[in-house]
Structures are given as structure tokens and as C-alpha cells.
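Going down the list, the protein sequences come from chains A, B and C.
The first sequence begins at 1 in our numbering and counts up by one.
The second sequence begins at 1001 in our numbering and counts up by one.
The third sequence begins at 2001 in our numbering and counts up by one.
A few of these clues could be false.
[Said to hold, decoys possible] Heads up, simulated DSSO-like pairs for lysine-lysine below, C-alpha to C-alpha not over 30 Å straight-line:
id, chain 1, residue 1, chain 2, residue 2
1, C, Lys2063, A, Lys301
2, C, Lys2063, A, Lys194
3, A, Lys206, C, Lys2063
4, A, Lys206, A, Lys190
5, A, Lys190, A, Lys207
6, A, Lys207, C, Lys2063
Derived from the structure by calculation, the hints contain no laboratory data.
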Amino acid sequence: MTVKNRLTATCAAAALAAACLAAGTASAADLVISNWAGYMAPDIADTFKAATGLEIEVVNHATNEEVMGKLMASGGKGYDVVFVSSPFAEILNGQGLAEPIDKAAVPNLANLYPEAATLAYDPGNTFSVPYTWGTTGLCYRSDLVKDTPDSWLNLLQPADAIKGKTTMLATDRWLMAAGELAKGFSVNEKDPAKLEEVKNLLIEAKKTLLAYDDTTFYSKLVSGEASLVHAWDGWCNYGITENKDIKFVVPKEGSDLWIDTIVVLKSSEKKDAAMKFINFILDAKNHAWAAQNILYKVPNKAAMESLDKALSEQYPNMAMAPADLVKYELLRDLGTAQKDYSRIVSEIKAAN
Amino acid sequence: MNATFSSKLPGRIVLLLVFGFLYLPIAVLVLLSFNDSGLPTSWSGFSVRWYGALLANTDILRAAGNTFIVAIFATVISTVLGTLLALGMETRRRKSNGLEALAFAPMVIPDIVLAVALLTFFSRLGLAMGLHTIVISHVIFDLAFVCSVVRARLKHFDFSIVEASRDLGASGWTTFWRVTFPVLLPSIVAGALLAFTLSVDEFIIAFFTAGAGRSSITLPMQIYSMIRFGITPEVNALATIVMGVSATALLISQWLNRQQQVP
Amino acid sequence: MSLNATRPNLLAAPGVAWLVAFMVVPCLLVLSYAFFQRGVWGGVEYTVTLENFARVADPLYAKIFLNSARIALTATVIAILIAYPAAYAISRAPRMSQPILLFFAVLPFWSNYLIRTYAWIVLLNREGLINNLLRSLGYTGEPLSMLYTESAVITGLVYNYLPFVILAIYSTLSRLNPELMEASRDLGAGPVRTFLRVTLPLTLPGVAAGGVFVFVLSIGNFVTPALLGGGRFQMVGNLVYDQFLTANDWPFGAALGAALILTMIVLLLLQARATAHASGERKGEAAQ
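Chain A on its own, in the form it takes in the complex:
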């Protein structure tokens, strides 16, 4: 090959490459929806199209934090609907990125429990719609833990027999909440003196931990590597599926109330379609899919009532009444106190 031929070939290849890369940048779908993988029915695109004639494209994010970073840096461009936990929905609204929910276009809001329409971060569901909700507590192997755990201190100051066999959630708000609840403080505590106490408690607790774990804690229970873990209720259910000896308990000091929500972005050019999508999700049958398959409680009265009784026998936390659920405190955006939280969490993680 001569040099000239080589150059021509290179140029041709480059042109072809550019064409190949540029293809498929614009989305042909009516709606782009970002959700955690596996958090909606896999055939949702087909059923939604059959019901409304609209095309949707579902993309996945791994964590709230990542999709939030992306939405903030890009102003939300390209996305129409996102699923995020409530403190993040609150931030999206605070930053002016969330579109008000058009109540008239979402008649299925009537399916929600009354408790789900008066949540403190968004009373009246003005900018967000709750999709799933639940508690954070202790998930444990009843065959390996001697006394039934009932307190956060069972996790933070474990009995000798389970030292080195406990895990805690690593995400800063839930990590802090465990200490705050144990001390009887608010999960949104801002008083530096109280936060100092929580920090010291959590640094002591670190010495008895196997690991911080947000993702594989239930498989650690199944393998027997851990016997008591800090867990979200719905996630503990996956462990229960694998091993009947696994149980979930909300400690007597209480829990936080976590809520995963649906938000429509202000930058969306397909807001009508987005509202139709929310309405579709809130349909009793579609919303019940989440309860049956991902084993999370949904705040949809019609959907919960349609569930088979056997489900709540196998997973007792599924039966928790909304009135009991909303007794727990919601995680709220901390505003400027976030700085104190992140420093404390860094200090805990750096402690040895």
C-alpha cells in the first residue's frame, strides 16, 4: 500500500466512522424515561403503546446521585420522566427542573392512599407522584441471631456473637439515620452537638462491622457471611425469597419513611405524553406489578387491595398499613446542613 492509498483509505474510514457514530443520536420515541433497572414491567413499552399509541424509551440509572448529577449538568435535556427518591425530587423542584403535575391529566391519582397525597416534601403531589414507599430497618438470619433484634443498638452495638457479621448502608443519609434513630433524634437533625454524638456512635459501630454495603447485603445474609444487616424492607424481601429464615424488623426506635417518586422534567417537550404515562403507571393493575414483582409496597390503594394475600404472608412487611408507615419521618433535603453531614460521613469512612 502506498502512502497515498493509505491516506485515502484512512479518510474514507474516518468518514464512515463519523456517519456510524452520529447515527442514532436523536431518539425517535415520544418519551424518554429514566428508572432503576428492573423497577418497571419489562414489557411496559408495549403495554403503554397498546393503551395510548405512544412510544416510550426506558433508560436505566444505577443510583439517584448519578442521574441527578446528569440532570443538573445538562438542565434535564433529553429526559422527560425520571424516577428518583423523594429528597432528590425535592431538589429537582427547588432547582426549577420539575414540571407541575397536571392533575386533570392524571385521574388515577385518585387510586393513591390519602396518606400518599399529603407527604411533607410535596403535599398534594404538586411536582411528584409516589411510586413505592417503605421503611429502613434490620434484616437478619433468625437461625443465626440468638435474640430477636428490636433496636438499632443491636446493629450499632452488636452482641459479641455477631460482631464482624453486620453490615450498614453506605449512602450518607441512611448511614446517619441509623445513628440518629438510635439516639432518638430526627433523621433530619441539624444540631451540631447532636450530630457529634451520632458521629461518635457510628465511628464506634464501624469497628464491629463486616462492611458498608448498599447493594449485596442480602446475598451476604444468604451465604451466611453476615447475620444482621441494615436494609431497606423491599430489598430484604429478596433475601427472604432465597432463604425463609431471613426476617425483617423495624426497630422500636422507628425508621425513616423512604419514597421513590416519579417526576416530569420542565425541559420535556412531551409533557402531555408524560402525564399520560404517570396516569398509566397509577392504574391499579400496572402499579400492582411493582408490588408483586419487586416486592416493594406501593402507595396505591386499589393496587394493594388487588394483591394476593399469600404475598403478605410470605413477606410480612408488605402488609404494613399506610397509617403506620406515615408515622415515620421522611428524609428531607438538608439545605446548607448537607455540608456538615458530608464532612461527618467522610470522617466516619476515614476512621479506623
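Dock chains B and C against the given chain A, drawing on the hints supplied.
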């Protein structure tokens, strides 16, 4: 005969041990691709069902295709630019700290800073995002690694042979292809392998610069998004296939090569 | 074209242009947030302040930096000690098989970081393969706790970056002229002396490049400390990541990021000087 054998033996033992270390977790990963349970960390019986699930999973297959496209383009561009940059830096008479810092910077900028910076930048420019913006972004760090490897080789390169070749009347191109390039080739190959490997595995920058749609999801993005509900052994099955196919393709091409050379 | 002063600049131009357009400009844009305040809802409020730099000066962050530098440095030294003999053995293999060996050294890394790390967990955990193997061999004591320790983090880092060091060292070794070493031996130098006086100085740039790879990639890594270290160890890369994404505090993340980038660049420039000096480069300062 005996002498060459004994002088080769320590080398073979070293290679055996190092490759043993490199492939130990790979053996586990392959084993897990046949694990019946979906849990990543416990074994519950042999099954090929994850291979079936993989073939039916168009999302993962498309993501794997996208990853390959991105890695190939990023590798080609960064290998060319990185090699040229290395040549430029090493043939300069005077060292420039600014240039050195610029070449080091992509390696030390935290991924998240680069990711947020690029997304902010591309959005302000109003640029449509997709695989091409991932390529642009990956070239940044890939080229720094290629440049670094090629420069290491150039450190003791005797540039007087380049001048000698030109004094003998060879053109710049001829000198490059006949003199400089053959010397650089091993480091270019090493740099390209490095760039490809880095690009294939990169997650956070790709996630930020991919745009919103499904069409530009890469494999690491797909896999990380599975974290919440557990990464199923489909991914192990895919990795097993990717490594199996790559290894087979290489060995076949080598074998064909040898057949040609030995008539 | 002639080998004059403009040609090096011309060669470097495309790469430099790429880096300036796509790295320097965007990063300066984001790093400039360091001079502003975090908004109430996160984001950036354009009120000038130096508060973020004052927060970076907190000894906590210096402690985290030093601790992660120590872990990264340990991983670097171990990786070099393993990679050097491996690269040496590859460079002594028949020429035809050298590229194949290199290829097989990187092939494991075309799988995925996350699942490779899970594979290590399966091997090392208390109910894992190694402990089960020990048990079936008749070991009856407490299972070994190998996971969620600093050694597990270092093992993971060495494992993942080892091939990069092999590649870098190989790229300088393969140009070593065997005749040079024979000459050295003929002149009466023993193998150790030949290695120290001839081989090592010539390959030092490769060792340095590979070492830099492990160090910078390790210090910025957050998957390995989170999974193999059980989140008990924090690397600085993680710290910056948390500020941007978890705390939603971009101005402070920018200040921390800028401090990290500057520290690392200064360290790397010093390292480059030292390497050039130790390997006895003929160019650069010596020539002037």
C-alpha cells in the same frame, strides 16, 4: 540445548504464576456464568440458562456492541494523537513544564470532574450527544496513556539515526515509516491495548456524555444500572463469550499467519 | 519538512488541541465553581467566596489524601515487582509469541470491572471458595477473614492495573539490545551488575510510566475500596465523587478536585525529573 532450557525455565515459571494470578478470578467469573442462582456471591448449581437469557437480552447485546464501537474509535484516534504527541514532546529541545502537565492532567483529573465538565460543556454548546461524544471524552484520557507509554520508549531513542536517514536523502515520510515507526511499534501496540482496555471498562464519563437515549448505552452503564436488583450471571456469560471469542480469533489469525510463512 | 524547531510543535499540535478544547476548557469551567457558593438546593450560586478553599484545608482531607496515597503507593510497588519479571519474560519469549502473550495479559480486563471484583469477593469471602477449599483440606479453625481489609483493597488494585505496568515495562524492554547485555557480560559484569547498570536504567522510563498508571488509577478508584474494602477505606477520588454527587456540593467538589489535580501534577512532574535523572537521559537538561 540444556543451557537454553535452564535459562528459559525461570521465565516460564514467572509467566505461569503471573498468568495464574490474572486468570484466577476469571476462572471464577466463568464458573459463575453457569451458576443457577442470580446471586453474584453464592453458588447454587450448574445451569446454562444465563446464556439463553443473554441471547434474548437485546439491551445487553446492543450495549456490548456500542462499547466495542466506542472503544475501537477511541483507541484509533488516541493512538494516533498520543503517538504524535509523544514524538513532539520527546523531540523538543527544551522541556516545557506546561506541556508535561497537560499530558499528565487527563490521568489525574478525577473522573467525576471530567464527566460533569464535559456534560456541562456539551450542553452549553448545544451539541447532540451520543456515542460520538463518548468517543471524544474517552480519547482525552486514552491519549494521555498512549503518549506516556510511547514516550517511555522514546527516552533512549537515538534521534541521530533519523537525521542520518534524512541526510541520506530519505523523505520525512519514508524516514518515519522505515526508521522511527518500527522502533516505536511495540510501544504503539502496548499503548493501543491499554487505551482499548481502559475505554471498554469506563463507566462514569460514558454515563454523563452519552446523552439521554437508549441508543448510546454502553456495557458498563448497563451493568452498573443492574446493581440495585443484583447483577445477573448474564453479564458473566457475556464476558465469557467476549473473552472466548477474542482469544479464539487471535489464535486462529496467528495460526493462519504461520501457515503462510511456512509454505 | 526538516527537523527544525517547529516540527515537534506540529507533531504535538493535534493532541494538544484535543486536550485544550475538550479537557482544559470544560474543566476550567467546572473548577471555577470553587470560587462560588453552593446554592440552597445544590447547584451553584454565583456569589464569590473563598470558603471552599478554607474547607479543603481541613486536616481531615489531608489525612484521607495521605492514607489513600499510602495504599496506592503500596499497590504500585507490588505491581511493579510482579510486572517487571513478567514483562522481562515476555520480552525474552520468541518474537512471534510476544504480542500473543501481551494480548492474553490484557484479555481478562475486557470483561467488566464490577464482575471481576465480584469474582474476587467469591474467592475471598468468609464463606468463599478459598475458605471452602481450606475446609475440605481439613482446616478446622475459624474461616479466614481476607475480605474487607486493606490487603484486599491492595490485591484488587494490583490485580486490575498489573497489565498496564506489564505493557509499559515491556514497551521499553523489548528494545533492549541483547548484544548490549552480552557485551556487558563479556566485559566481566555479572548478571546482577548487568541488570543494575544496563537493563534497569534503560527500562526505568517504562517502570516509571507503569508506576504512574497504577498510582493515579488507584488513588482515583472507588469501586475496589467500596466492594473489596467494604467501604471502610476511602480513596480521594471517592471524596470528590461524593461532593459532586452525594452531597450535591459542586463548589466544594471543584475546590477539592482542583487541589487534588494540582498536588498530583506537581508529584508527577517531580517524578518525571527524578526518573530522567536516574535513567541518565542524554537529552533534556544534560544536552543544554
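Status of the hints after comparison with the structure:
no.: 1; hint: C:Lys2063 to A:Lys301; in the structure: violated (51 Å)
no.: 2; hint: C:Lys2063 to A:Lys194; in the structure: holds (24 Å)
no.: 3; hint: A:Lys206 to C:Lys2063; in the structure: holds (18 Å)
no.: 4; hint: A:Lys206 to A:Lys190; in the structure: holds (22 Å)
no.: 5; hint: A:Lys190 to A:Lys207; in the structure: holds (25 Å)
no.: 6; hint: A:Lys207 to C:Lys2063; in the structure: holds (19 Å)
The earlier numbered hint that this structure contradicts is number 1, and it is the only one.
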